[in-house]
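Q: Sequence:
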Amino acid sequence: MTQSATEIATAWMAALASGDAERTIALSSPSIVYTTGQVRRYEGHDGVRDIVSDLSRLAGFLTVGVEGEVLESEGVVALRRIERYTLPSGGVEIRGCSFVEVEDGVVTRWADYKSMHAIDEIVG
Numbered sequence: 003m004t005q006s007a008t009e010i011a012t013a014w015m016a017a018l019a020s021g022d023a024e025r026t027i028a029l030s031s032p033s034i035v036y037t038t039g040q041v042r043r044y045e046g047h048d049g050v051r052d053i054v055s056d057l058s059r060l061a062g063f064l065t066v067g068v069e070g071e072v073l074e075s076e077g078v079v080a081l082r083r084i085e086r087y088t089l090p091s092g093g094v095e096i097r098g099c100s101f102v103e104v105e106d107g108v109v110t111r112w113a114d115y116k117s118m119h120a121i122d123e124i125v126g
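Mapped onto the working numbering, the consecutive letters of the sequence shown carry residue numbers 3 to 126.
FYI, nobody ran anything at the bench for these hints, they're computed from the structure.
If you're wondering where the values come from, they're calculated on a predicted model, not measured in any experiment.
A virtual CB, placed ideally from N, CA and C, is assigned to each residue, including glycine.
Incorrect hints may appear among the rest.
Cut-off 16 angstroms, straight-line C-alpha distance, at most; resulting in silico cross-link-like pairs (EDC-like, lysine to aspartate or glutamate) [stated by the list, open to error]:
#: 1; residue 1: Lys-116; residue 2: Glu-95
#: 2; residue 1: Lys-116; residue 2: Glu-85
#: 3; residue 1: Lys-116; residue 2: Glu-76
What follows is a list of derived Cβ distance ranges for each label pair [as the list claims (entries may be wrong)]:
#: 4; residue 1: Gly-93; residue 2: Gln-5; range: 19 to 25 angstroms
#: 5; residue 1: Val-78; residue 2: Gly-39; range: 17 to 23 angstroms
#: 6; residue 1: Leu-60; residue 2: Glu-24; range: 16 to 22 angstroms
#: 7; residue 1: Gly-70; residue 2: Glu-45; range: 25 to 31 angstroms
#: 8; residue 1: Leu-60; residue 2: Cys-99; range: 27 to 33 angstroms
#: 9; residue 1: Thr-37; residue 2: Leu-64; range: 14 to 20 angstroms
#: 10; residue 1: Asp-56; residue 2: Thr-4; range: 29 to 35 angstroms
#: 11; residue 1: Glu-24; residue 2: Val-68; range: 19 to 25 angstroms
#: 12; residue 1: Thr-65; residue 2: Ser-6; range: 23 to 29 angstroms
Using the sequences and the hints given, assemble the complete structure.
A: Here's what the structure looks like:
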């Protein structure tokens, strides 16, 4: 049974958010490119390991989920995402959008777009 691009993209995000590097890599092209706006760029399977490592430092402080409708067209998925950060001063929610390209059953490109303004105001 073939999975849809949406199923692959959401499985990739869940594996990443749970810290499962091997599952995330299994769902990733060897040449994957992951960007977070203009802040960070990760490439290839080593980049996936780096993403997992970076996110593992936020364990207990960050949860990630899909919010609302997911759009898919010809292997490109648009996900409305929400990140919830738990800080000593309270919780912060960051809404964003991810565009995910899926080919041959793996994620080839993931681009996150979000404003970190709310976090910047709290932590300076």
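Q: Please go over all the hints and tell whether each is borne out by the structure.
A: Against the structure, the hints:
no., hint, verdict
1, Lys-116 to Glu-95, "holds, 11 angstroms"
2, Lys-116 to Glu-85, "holds, 10 angstroms"
3, Lys-116 to Glu-76, "violated, 24 angstroms"
4, Gly-93 to Gln-5: 19 to 25 angstroms, "violated, 33 angstroms"
5, Val-78 to Gly-39: 17 to 23 angstroms, "holds, 18 angstroms"
6, Leu-60 to Glu-24: 16 to 22 angstroms, "holds, 20 angstroms"
7, Gly-70 to Glu-45: 25 to 31 angstroms, "holds, 30 angstroms"
8, Leu-60 to Cys-99: 27 to 33 angstroms, "violated, 20 angstroms"
9, Thr-37 to Leu-64: 14 to 20 angstroms, "holds, 18 angstroms"
10, Asp-56 to Thr-4: 29 to 35 angstroms, "holds, 31 angstroms"
11, Glu-24 to Val-68: 19 to 25 angstroms, "holds, 22 angstroms"
12, Thr-65 to Ser-6: 23 to 29 angstroms, "holds, 24 angstroms"
Violation of the numbered hints given earlier is confined to hints 3, 4 and 8; the remaining hints are satisfied by the structure.
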